[in-house]
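The residues making up each chain are set out below.
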Amino acid sequence: MLEAVIEIESAKSDETTPAVYEHPWPVRFCHWLNAVALFVMVGSGLQIFRAFPSFGAKVPQKNLLDWPKSLAIGGWLGGALQWHLTFMWIYIATGLFYLGYQIFSGNYRQILFTTRDVPGVWPMVRHYFFFGPKPPSREPYNPLQKQAYTSAIILGILSVLTGLVIWKPVQFSWLAWLMGGFQMARLWHFLVMWAILLFIFGHLVMVVLHGWNNFVSMLTGWKKNPDYTPR
Amino acid sequence: MESRINERKFKRINRRELLKLAPVVALGAFAIPKLQAPLLKAGLGFSDWASALLFRKGLLAPTYADSEVAPIEKFYVNDYDVDDPGVDFDKWTLTVSGSVQKPGDYRLAQIQALPKIQHNTRHVCVEGWDVIGSFGGARLSDFLRAIGADTTSRFVYVECADDYYESLDMATALHPQTLLCYEMYHQPLTREHGAPLRLQIPTKVGYKQAKYLTDLKVTNVLQKVGYWEDQGYSEFYGL
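In the order they appear, the protein sequences are chains A and B.
The numbering of the first sequence is the numbering used here, which starts it at 33 and goes up by one.
The numbering of the second sequence is the numbering used here, which starts it at 910 and goes up by one.
Just so you know, the hints here were simulated from the structure itself, not pulled from any lab data.
From the three backbone atoms N, C-alpha and C, an ideal C-beta is built for every residue, glycine too.
Take the hints with a grain of salt, since some may be wrong.
[What the hints assert, rightly or not] Quick list of in silico lysine-lysine cross-link-like pairs, DSBU-like style, CA-CA up to 35 Å:
hint, chain 1, residue 1, chain 2, residue 2
1, B, Lys-918, A, Lys-256
2, A, Lys-90, B, Lys-983
3, B, Lys-929, A, Lys-256
4, A, Lys-200, B, Lys-1000
5, A, Lys-166, A, Lys-101
6, B, Lys-966, A, Lys-90
7, B, Lys-1126, A, Lys-166
8, A, Lys-166, B, Lys-1133
9, A, Lys-94, B, Lys-983
10, B, Lys-943, A, Lys-101
11, B, Lys-918, A, Lys-200
12, A, Lys-90, B, Lys-950
13, B, Lys-1126, A, Lys-90
14, A, Lys-101, B, Lys-1126
15, A, Lys-101, B, Lys-1025
16, A, Lys-101, B, Lys-918
17, B, Lys-1025, A, Lys-200
18, A, Lys-166, B, Lys-918
19, B, Lys-966, A, Lys-44
20, B, Lys-1133, A, Lys-44
21, B, Lys-1133, A, Lys-200
22, B, Lys-918, A, Lys-90
23, B, Lys-950, A, Lys-94
24, B, Lys-966, A, Lys-200
25, B, Lys-920, A, Lys-256
26, B, Lys-983, A, Lys-44
27, B, Lys-929, A, Lys-90
28, A, Lys-200, B, Lys-920
[As the list claims (entries may be wrong)] Chain B is nowhere near these chain A residues, computed Cβ spacing over 12 Å in every case:
hint, residue
29, Ile-38
30, Lys-44
31, Val-68
32, Asn-174
33, Ala-208
34, Ile-228
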């Protein structure tokens, strides 16, 4: 057993490198499963959208956009539905396992945005966007990151709920009603996808900016030289 | 609890941690051409199994007021081949076979003699569009009773004048809103909407609601599932 914060002794000198255990394996496992599942869900979802690229009446049909087939998965509607209806189970199972683990382990505190994080939002905005000083931190995630990850989880839940309505508008007719009807559920599902894609874009930019040690921590759990003072 | 370790041990620990993610690589099986089709078939099969579990026999699909019904001109006509397979209405019969006590040819008048159901329900296409329409006809369950069908059989299989074919699970066939539909918008079915008789199933997606019916079979075994299903669509697709 190791402490969550350790010093790694160099083989050549007396120097030591601090490392912190940030991500328990269920979090890393779900992260990568989800990355693959989302890729397939978005790709096949866009191919399904191509069959009726509109959110209103069929007669007359006003197309919203012509998404290129080359940027979609499945080749045709039937193929895309096979991918979508297969990977939705991987997506949902991963999400449930993740939520269950986070809640029962208490690890959710790492990323859950709460009222305690509100005062820290502005200093972080100043740091990210207006060259302000970096606020000192004792946690892996700053208030803006917590906000982003909490939002991503909510978007994930919404993607499943809106998808359920499209898949089963009769069995979940009360949910369909809550979302404003079948076509509105399709529109919500579509918008939630773009919101998730926006999150992923920001996420990838930050991963690049934060460097290699940060990336490795999502593989091994351990982050060398953390840029905060761990508790 | 250790708080200081050497570099070699740290590397070993990292390797072990990385190895815990190995099962994720199993998803790569979906990228192997030989495995892809069977895996997706299994996934779709699992979805259909879950769909059948989610289906509630007693749950009625929402029905709508006449004011919410789209005019018939806005009810898109979908077909896979021809809008009008040229059915001769005078000679038309529904040929019944399979696990029934009274097989044979049934005339439209015999179906129309069964209690008539009229409802406004939502028609949902697999493509993603939907339309609220007005439908009238006999309950398929009443017809199955009239022909002495063995309702412990698993499927109702139908064939159509345009060579389309479909099948229904028995639970859906017995659902009170599942119709042998001969009217839309209080008028006899038009040819493009499947005259003289079509399936109308508010708890199923559009492609299961076959038009221009000619044959109906009650059976436990399906040689073919349905025109689209046999090309890869979901077999159950309940809404």
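Going down the list of hints, with the structure as the test:
1. B:Lys-918 x A:Lys-256: holds (14 Å)
2. A:Lys-90 x B:Lys-983: Since the Cα atoms of Lys-90 of chain A and Lys-983 of chain B sit roughly 7 Å apart, the hinted pair holds (cutoff 35 Å).
3. B:Lys-929 x A:Lys-256: holds (19 Å)
4. A:Lys-200 x B:Lys-1000: Judged against 35 Å, a Cα distance of about 39 Å means the pair is violated.
5. A:Lys-166 x A:Lys-101: violated (44 Å)
6. B:Lys-966 x A:Lys-90: This hinted pair holds, its Cα atoms lying about 30 Å apart.
7. B:Lys-1126 x A:Lys-166: violated (74 Å)
8. A:Lys-166 x B:Lys-1133: violated (66 Å)
9. A:Lys-94 x B:Lys-983: Holds: Lys-94 of chain A and Lys-983 of chain B sit about 13 Å apart, inside 35 Å.
10. B:Lys-943 x A:Lys-101: holds (23 Å)
11. B:Lys-918 x A:Lys-200: violated (52 Å)
12. A:Lys-90 x B:Lys-950: Distance ~30 Å between Lys-90 of chain A and Lys-950 of chain B Cα, so the pair holds.
13. B:Lys-1126 x A:Lys-90: It holds: about 33 Å lies between the C-alpha atoms, which stays within 35 Å.
14. A:Lys-101 x B:Lys-1126: violated (40 Å)
15. A:Lys-101 x B:Lys-1025: Violated, at roughly 46 Å.
16. A:Lys-101 x B:Lys-918: Measuring from Cα to Cα gives roughly 49 Å; hence the hint is violated.
17. B:Lys-1025 x A:Lys-200: holds (27 Å)
18. A:Lys-166 x B:Lys-918: holds (33 Å)
19. B:Lys-966 x A:Lys-44: Roughly 73 Å between the alpha carbons, so the hint for Lys-966 of chain B and Lys-44 of chain A is violated.
20. B:Lys-1133 x A:Lys-44: violated (72 Å)
21. B:Lys-1133 x A:Lys-200: Given that 35 Å is the threshold and the Cα spacing comes to 25 Å, the pair holds.
22. B:Lys-918 x A:Lys-90: Violated: Lys-918 of chain B and Lys-90 of chain A sit about 64 Å apart, past 35 Å.
23. B:Lys-950 x A:Lys-94: Roughly 33 Å separates the two Cα atoms, so the pair holds.
24. B:Lys-966 x A:Lys-200: holds (14 Å)
25. B:Lys-920 x A:Lys-256: holds (12 Å)
26. B:Lys-983 x A:Lys-44: violated (79 Å)
27. B:Lys-929 x A:Lys-90: Violated - the C-alpha atoms of Lys-90 of chain A and Lys-929 of chain B are around 49 Å apart, more than 35 Å.
28. A:Lys-200 x B:Lys-920: Since the Cα atoms of Lys-200 of chain A and Lys-920 of chain B sit roughly 49 Å apart, the hinted pair is violated (cutoff 35 Å).
29. Ile-38: violated (5 Å)
30. Lys-44: Not fine: 9 Å to the nearest Cβ puts Lys-44 of chain A too close to chain B.
31. Val-68: violated (5 Å)
32. Asn-174: At roughly 25 Å from the nearest Cβ of chain B, Asn-174 of chain A sits farther out than 12 Å, so the non-interface label holds.
33. Ala-208: Given that some Cβ of chain B is not farther than 12 Å from that of Ala-208 of chain A, nearest at about 8 Å, it is violated.
34. Ile-228: holds (19 Å)
Violation of the numbered hints given earlier is confined to hints 4, 5, 7, 8, 11, 14, 15, 16, 19, 20, 22, 26, 27, 28, 29, 30, 31 and 33; the remaining hints are satisfied by the structure.
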